[in-house]
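Visitor: Below, each chain spelled out in residue letters.
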Amino acid sequence: MNDLFSNLWLGFSVAGSPVNLGFCLLGALVGTLVGVLPGIGTVATIAMLLPITFGLDPVGALIMLAGIYYGAQYGGSTTSILVNIPGEATSVITCLDGHEMAKQGRAGAALSIAAIGSFFAGCVATVLVAALGEPLTKVALEFGPAEYFALMLLGLIFAVVLAKGSVLKSVAMVMTGLLLSTIGSDIDTGVGRMTLGMPELLDGIGFTNVAMGLFGFAEIIRNLEVSAVNRDIVQSKIKGLMPTRKDLKDSAWPIARGTVLGSILGILPGGGAVVSSFAAYTLEKKLAKDPKRFGHGAIEGVAGPESANNAAAQTSFIPLLTLGIPPNAVMALMVGAMTIHGIIPGPQVMTKQPDLFWGMIASMWFGNLMLVIINLPLVGVWVRLLRVPYRILFPSIIVFCCIGIYSIDNSASDVIIAALFGLFGYWLMKHDFEPAPLVLAFVLGPLMEDNLRRAMLIARGDTTVFVTRPISAVLIAISVALLVIAILPMIRKRREEVFVESEN
Amino acid sequence: MAESTKNSPGGGGVFPLRIRAPRDFFGGLALIALALFAMWAARDLSGVSGYSFGPGTVPRLFASLLILIGAAVAISGLFNDGPPLESYALRGPLYVVGAIVAFALLIRGARVGGIRIPEFGLIIATFVAFMIAVLGGTKIRLLESLIAAAAMTAFCVVLFRYLLQLPFPLWPSF
Numbered sequence: 035m036n037d038l039f040s041n042l043w044l045g046f047s048v049a050g051s052p053v054n055l056g057f058c059l060l061g062a063l064v065g066t067l068v069g070v071l072p073g074i075g076t077v078a079t080i081a082m083l084l085p086i087t088f089g090l091d092p093v094g095a096l097i098m099l100a101g102i103y104y105g106a107q108y109g110g111s112t113t114s115i116l117v118n119i120p121g122e123a124t125s126v127i128t129c130l131d132g133h134e135m136a137k138q139g140r141a142g143a144a145l146s147i148a149a150i151g152s153f154f155a156g157c158v159a160t161v162l163v164a165a166l167g168e169p170l171t172k173v174a175l176e177f178g179p180a181e182y183f184a185l186m187l188l189g190l191i192f193a194v195v196l197a198k199g200s201v202l203k204s205v206a207m208v209m210t211g212l213l214l215s216t217i218g219s220d221i222d223t224g225v226g227r228m229t230l231g232m233p234e235l236l237d238g239i240g241f242t243n244v245a246m247g248l249f250g251f252a253e254i255i256r257n258l259e260v261s262a263v264n265r266d267i268v269q270s271k272i273k274g275l276m277p278t279r280k281d282l283k284d285s286a287w288p289i290a291r292g293t294v295l296g297s298i299l300g301i302l303p304g305g306g307a308v309v310s311s312f313a314a315y316t317l318e319k320k321l322a323k324d325p326k327r328f329g330h331g332a333i334e335g336v337a338g339p340e341s342a343n344n345a346a347a348q349t350s351f352i353p354l355l356t357l358g359i360p361p362n363a364v365m366a367l368m369v370g371a372m373t374i375h376g377i378i379p380g381p382q383v384m385t386k387q388p389d390l391f392w393g394m395i396a397s398m399w400f401g402n403l404m405l406v407i408i409n410l411p412l413v414g415v416w417v418r419l420l421r422v423p424y425r426i427l428f429p430s431i432i433v434f435c436c437i438g439i440y441s442i443d444n445s446a447s448d449v450i451i452a453a454l455f456g457l458f459g460y461w462l463m464k465h466d467f468e469p470a471p472l473v474l475a476f477v478l479g480p481l482m483e484d485n486l487r488r489a490m491l492i493a494r495g496d497t498t499v500f501v502t503r504p505i506s507a508v509l510i511a512i513s514v515a516l517l518v519i520a521i522l523p524m525i526r527k528r529r530e531e532v533f534v535e536s537e538n
Numbered sequence: 746m747a748e749s750t751k752n753s754p755g756g757g758g759v760f761p762l763r764i765r766a767p768r769d770f771f772g773g774l775a776l777i778a779l780a781l782f783a784m785w786a787a788r789d790l791s792g793v794s795g796y797s798f799g800p801g802t803v804p805r806l807f808a809s810l811l812i813l814i815g816a817a818v819a820i821s822g823l824f825n826d827g828p829p830l831e832s833y834a835l836r837g838p839l840y841v842v843g844a845i846v847a848f849a850l851l852i853r854g855a856r857v858g859g860i861r862i863p864e865f866g867l868i869i870a871t872f873v874a875f876m877i878a879v880l881g882g883t884k885i886r887l888l889e890s891l892i893a894a895a896a897m898t899a900f901c902v903v904l905f906r907y908l909l910q911l912p913f914p915l916w917p918s919f
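Here the protein sequences come in this chain order: A and B.
Counting from 1, position 267 in the first sequence corresponds to residue 301 in my numbering; the numbering is continuous, with no gaps.
Counting from 1, position 122 in the second sequence corresponds to residue 867 in my numbering; the numbering is continuous, with no gaps.
If you're looking for bench data, these hints aren't it; they were derived computationally from the structure.
Here the structure is a predicted model, which means the values were calculated and not measured.
Heads up, some of the hints might be wrong.
Unchecked claim - Straight-line Cα separation of at most 20 Å, EDC-like style, residue types lysine to aspartate or glutamate; simulated pairs:
no., chain 1, residue 1, chain 2, residue 2
1, A, K326, A, D281
2, A, K323, A, D281
3, A, K386, A, D91
4, B, K884, A, E259
5, A, K464, A, E259
6, A, K464, B, E831
7, A, K326, A, D284
8, A, K464, B, D826
9, A, K137, A, D281
Could you put the whole structure together from the sequences, leaning on the hints where they help?
Guide: The following block contains the structure:
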């Protein structure tokens with residue numbers, strides 16, 4: 035326990051230095067800005083802004099990127115509440131009750147409850163990351179290739195189970211991602227694989243290009259097709275930011291429940307902020323005495339999901355920092371950012387670079403505090419930003435993405451690859467395939483292959499190694515059980531019910 | 746989502762195997778095609794030798810699994826009802842991709858076929874890409890777009906070249 039406090043103290047002294055506070059503030063502001071803008075998600079944002087952090091020192095760079103990430107969660111909810119368009123996928127569910135509250139003139143209360151809930155969740159998650167960091171790192175040291183492989187398999191299965199739509203199609207996306215990830219040089223022999231003789235493909239397809247194509251460009255192409263979205267901005271002046279005593283009382287438990295749920299789902303590989311906000315909404319609706327109020331401005335429908343998505347956004351750093359496994363696409367980008375700065379994510383980060391590890395964790399708390407302080411007074415500014423028409427916004431996003439991709443490797447072919455993935459993403463949308471499992475599989479693919487090959491080599495080709503080693507056996511058993519549950523039609527129907535709520 | 750899910754006449758079809766969910770059916774087929782293509786591209790890679798995997802083992806393993814699952818998706822498209830295929834827009838994808846490709850070709854120059862494109866630099870690449878992208882929208886206001894493109898170009902130059910000091914060529918060099 036003493037260790038925890040001395041570590042946190044180290045973290046707070048690192049994160050509290052004026053320079054790092056500045057990066058944290060900048061990240062939180064930029065994150066909020068982009069989070070507010072609909073039509074550009076967190077993944078594309080971070081991919082786009084990676085080059086900005088090239089010149090910084092590693093601690094500052096990661097603090098800023100983390101700030102962008104949870105800043106975007108806050109910004110997304112602002113748009114959901116005021117305009118009824120989710121600024122981020124994580125705040126889709128906040129539209130339902132948040133915007134209803136705004137229409138009833140309670141926009142201030144909705145915004146402040148979202149902020150308070152997020153802040154509370156952020157604080158709890160920060161402590162959780164700090165507390166779980168050390169024990170999980172110890173567990174990670176027990177992991178051999180077989181365990182790593184099994185854990186990643188579990189992550190992919192989670193991603194499949196938690197994705198929207200058909201389980202079968204999500205599995206298909208996972209396989210597509212895995213297959214695409216094998217393009218490029220072989221790790222053992224260095225032979226170019228499936229490069230079709232193109233030297234540009236020898237290094238493999240960069241993850242940022244895939245992410246930018248599927249989440250950035252495809253989204254824009256799709257938006258251009260949908261006729262002008264009706265932006266129903268709440269025009270009346272937002273008055274009374276303070277929630278009433280009753281609001282606070284009503285949302286206290288939902289905030290606590292959302293925090294717990296979000297923290298758990300965030301740690302799980304394949305989970306994350308989007309899923310946890312949906313789950314929290316469903317939970318609140320189930321627990322409510324009068325579920326009919328949901329969709330008509332129930333404050334619980336804002337408090338629960340907003341706390342959950344923020345908690346998950348932060349706890350998803352746990353698998354990355356302790357095991358070196360990115361649990362979702364955003365964390366995969368963080369891997370990219372760390373690699374650029376010469377840091378290999380994994381259990382050794384905590385022992386070798388404690389200032390980085392604890393500094394980043396402590397900065398999350400500062401960041402959340404800043405967001406509460408800056409966000410509410412700045413609501414007016416964010417609303418004005420929403421009046422920028424899409425016809426100006428989308429070319430700007432495209433140009434910015436192009437420069438971002440180009441600058442990562444000074445490679446024009448990367449830009450073209452991203453464009454191709456934009457078209458591929460558009461095709462996927464037309465066939466109701468979800469890109470999220472594909473992207474996670476694409477990230478985990480090389481790690482999985484590496485560990486699979488090593489495990490097989492160590493076990494002398496004996497495939498039973500995955501079920502004879504205890505940790506691996508447990509992980510595999512959970513994976514299989516999850517998949518069976520997901521495929522059982524009865525449960526599938528219930529899954530649909532959960533997600534249908536997001537559609538209308 | 747499309748409401749016309751049940752556009753096909755109920756009751757028994759003429760075919761016992763009508764395509765009931767074309768998005769799944771053709772989506773699955775396309776994934777099979779992708780996997781077959783990968784199989785072909787990986788044909789020369791060596792496989793397992795002794796206890797160790799060759800470079801071709803895992804790609805072929807994943808491709809085979811994708812064929813199986815793609816087939817399952819396609820077959821499920823024959824038995825479950827699903828929404829009809831959506832038509833593709835041409836304008837948006839064309840100009841969006843056009844803008845991106847233009848940026849890629851102009852920034853440092855390139856050789857396409859036999860034609861050499863000289864290096865145009867960040868300023869021209871950004872401006873041109875912005876203007877091409879604008880054409881992908883539905884409402885085009887030329888003057889407004891020109892001003893926005895100029896402003897965005899200036900912003901990017903200041904941010905990337907001067908604040909972040911990334912090594913971009915600013916101006917054309919022929």
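Visitor: The structure should be examined with respect to each hint, and the outcome stated for every one.
Guide: Now for the hints, and whether the structure bears them out:
{"no.": "1", "hint": "A:K326 to A:D281", "in the structure": "holds, 18 Å"}
{"no.": "2", "hint": "A:K323 to A:D281", "in the structure": "holds, 16 Å"}
{"no.": "3", "hint": "A:K386 to A:D91", "in the structure": "holds, 16 Å"}
{"no.": "4", "hint": "B:K884 to A:E259", "in the structure": "holds, 12 Å"}
{"no.": "5", "hint": "A:K464 to A:E259", "in the structure": "holds, 12 Å"}
{"no.": "6", "hint": "A:K464 to B:E831", "in the structure": "holds, 6 Å"}
{"no.": "7", "hint": "A:K326 to A:D284", "in the structure": "holds, 16 Å"}
{"no.": "8", "hint": "A:K464 to B:D826", "in the structure": "holds, 16 Å"}
{"no.": "9", "hint": "A:K137 to A:D281", "in the structure": "holds, 17 Å"}
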